[in-house]
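Asks: Single-letter residue listing:
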Amino acid sequence: MGEILYLILIDPFVQMAELPDFFLQVLWEGFVSGILYALIALGFVLIFKASGVFNFAQGIMVVFAALSLVGLYEAGVPAFLALALCVLIMLGLALGVERLVLRPLVNQPDIILFMATIGLTYFLIGLGEFIFGGEPKVMITEELLLPTGSYAWEVMGGLVIFQQIDIAAAVIAVVLMTALGLFFQNTRIGRALRAVADDHQAALSVGISLNQIWAIVWFAAGIVALATGIMWGARSDVSFALQIVALKALPVLVLGGLTSVPGAIVGGLIIGVGEKIGEIYWGSMIGGGIEGWLAYFIALAFLLVRPQGLFGERIIERV
Amino acid sequence: MGLMTLERPGGKRRRHLDEVLLALEGVSLRFGGVNALSDISFDIRKGEIRAIIGPNGAGKSSMLNVINGFYQPQEGTIRWKGRERRRMNPYLAASTGIGRTFQNIALFKGMSTLDNVMSGRALKMRRGLFWQLVWIGPARREEIEHRRRVEEIIDFLEIEHIRRTPVGKLPYGLQKRVELARALAMEPELLLLDEPMAGMNLEEKEDMARFILEVNEQFGTTIALIEHDIGVVMDLSDRIVVLDYGRMIADGTPQKVRREQAVIDAYLGVAH
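Those sequence lines, one after another, are chains A and B.
Under numbering that gives the first Met the number 0, the first residue of the first sequence carries the number 0, and numbering increases by one thereafter.
Under numbering that gives the first Met the number 0, the first residue of the second sequence carries the number 0, and numbering increases by one thereafter.
Chain A extracted, bound-state conformation:
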C-alpha cells in the first residue's frame, strides 16, 4: 500500500526534480500539442457561439484543408498559390454549407443541425478520398518556407530541444487567435456575431443577417482548420486519421466552455500539458498508453464540478 502511494504521490516529482531538462522538454511538447488542440477547439467555439451548432465536421475540415493544399501542390500548383487557393476553397465550403445545409434548416432544433454536420463529415470524407485518394501525404512544410530545423537549449546540465516547426506553430496559433479575438471584439461584424450568439430573433429584428454571419464564421472556422491542418500535417502526415485527433477538442471544450475563446486556449493547454506529463510520469505505473484517454478522464471529472467549463456562460434556468 505504502509503495503504491509512494509511486503516485512522490516518485513522479522526484523524477521531475532529478531531470529538470527532461521535464522542461515534456512541458514544451505538451505546450505545443496544447496549442494545436486549442486551435481545433477554436474552430468549434466559433461556430457554436454564432449558431449554437456543435460542428462535428470541424475535424474533417482540418483534413480536407490540408489535403487540398498538398493535393494542389502535387498537381503542380506553386506552394503559395496553392495556399491562396485553399483559402478560396474554404470560403466556397463556408458559402456552400450556409446555403445548402444551414439555411434550409433554420429554426430547426439544434440536434437536427448537429446531425446535418455529421452528414457533412461523411460527405467531406467521401469527397476527399474521391479527389485525393486515401493514402497519407507529406505536408509541404519547406515549400511554405516553414522552418524545419531545431534549437537546443542548454539548461540545468542538460538539453531541451525545440523543433522550429513547433515554435512556428505556436507563433502562428497565437497570432491567429489574437487576430480573431480583436476582430470579434472591435468590429461591426464581430459585434453582430456576438449579437447572433446571444439572441437570434433580436439580431434579426435589428437587421443583422444570420446568413451572412453564419457564412463568415464558417469561413473563419475554415481558415482555422487550414492553419491547424498545416501544423498537424507538418508534425505527422496528412491523412484521414487526423480527424480522430480533432476529437481531442471535445475534452478541451468541456474544460474551457463551449462558448469561450480564451477557454479554448486555456483548456487546450491544460489538456496538452496534462496528458504529456501524465503519460510520462504516471503512465508507466499501469503500463503506459494513458495519453489516449487521460484527456477524457480530466474532462469527465471536470464536468462533475463545473459543467459550464472554466470560462463558459453559467447555465441558469428560470423556473
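Each hint should be verified, as a subset may be incorrect.
[Said to hold, decoys possible] Derived pair list, reagent style BS3-like, types lysine-lysine, alpha-carbon separation capped at 27 Å:
1) B:Lys-255 - B:Lys-45
2) B:Lys-108 - A:Lys-48
3) B:Lys-168 - B:Lys-108
4) B:Lys-108 - B:Lys-123
5) A:Lys-48 - B:Lys-168
6) B:Lys-80 - B:Lys-45
7) B:Lys-45 - B:Lys-123
8) A:Lys-48 - B:Lys-255
9) B:Lys-123 - B:Lys-80
Just so you know, these hints were derived from the structure itself, not from any lab.
Given the structure is predicted, the values throughout are model-derived calculations rather than measurements.
Starting from the known structure of chain A, fit chain B onto it as the hints suggest.
Replies: Structure of chain B alone, referenced to chain A:
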C-alpha cells in the same frame, strides 16, 4: 382611467396625419385550428402614435409579429409605404425600416449597453468584410461616425451612466430603456413597441411614456405600441385599435374608443 396625467409638450398637437405608412386589409392568421387574428383591417399613418390594445389573448402580440414579418398571415394584404408586401421576415422588415422591441426583452445580455445600441446600427454600417478585417481606415472612420449618433441616442434616453455595463446585470426598467435605444439606433420609420411598460412601477412607466412621446416629437418616428394597461394608452396615443379574441372591435381616437360598448364589455368581461 387617469393613471397618470401627461401633458404633451406644446399642448394638443394637430398634425397632418394623412399619409398612410402601413395598411392592413383583411388579415387573418391561424395556428392549426386556432384563429389568432380574423379579418383585421386598419392603417398606421406617418407620424402618429398608434396603440393596439385588448385583453390577454386578444392577439396583440400576433398582430405585432405579423407587421414585423415574424408570422405570415394566411389571408389579407399588407401595404408598406404604399407597396404590397409579399413574403416577409424580420430581417427584411428591419431593412425596410421597421424596428421593434420585445415583450420579454430580447437584449444581447453578455454585451454592454453601448455594444447593444451599436448593434442597432447593423444596417447603416456598410463597410464590408475586407475593410472590417483591415480595421484601420474606412471601417474605423465609419465606426466612429456611428458611435457619435449612438451616443446621442444614449444621452437622449438618459442611460449614459450604464454605457459600459453588461445589460444582463441591469434592472428591468433600464433594460427596457436599452432595448428602446437599440431600436432607435436603427432610425426606423415605424417603431413597434411590445408592451413597453409591462412590469414597470409607476415612476418607470412615466419615464417610458415621456420617452415615447419625445421620440415621436423629436425624431418624428411613427410608433405602434401594444399595451394592456388601458390608462397609459389613452393618454399617449393618437388612435387606438382594440382587439378581442382575434377580432377588431373598435378603431379610433381615445375619446371615441373609450365610449364604445364593445370595448367596455371586453375589458369588464361580458358573456360572449
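Asks: Each of the hints needs a verdict: does it hold here or not?
Replies: Consistency of the hints with the structure:
{"no.": "1", "hint": "B:Lys-255 - B:Lys-45", "result": "holds (21 Å)"}
{"no.": "2", "hint": "B:Lys-108 - A:Lys-48", "result": "holds (14 Å)"}
{"no.": "3", "hint": "B:Lys-168 - B:Lys-108", "result": "holds (8 Å)"}
{"no.": "4", "hint": "B:Lys-108 - B:Lys-123", "result": "holds (22 Å)"}
{"no.": "5", "hint": "A:Lys-48 - B:Lys-168", "result": "holds (21 Å)"}
{"no.": "6", "hint": "B:Lys-80 - B:Lys-45", "result": "holds (9 Å)"}
{"no.": "7", "hint": "B:Lys-45 - B:Lys-123", "result": "holds (22 Å)"}
{"no.": "8", "hint": "A:Lys-48 - B:Lys-255", "result": "violated (51 Å)"}
{"no.": "9", "hint": "B:Lys-123 - B:Lys-80", "result": "holds (20 Å)"}
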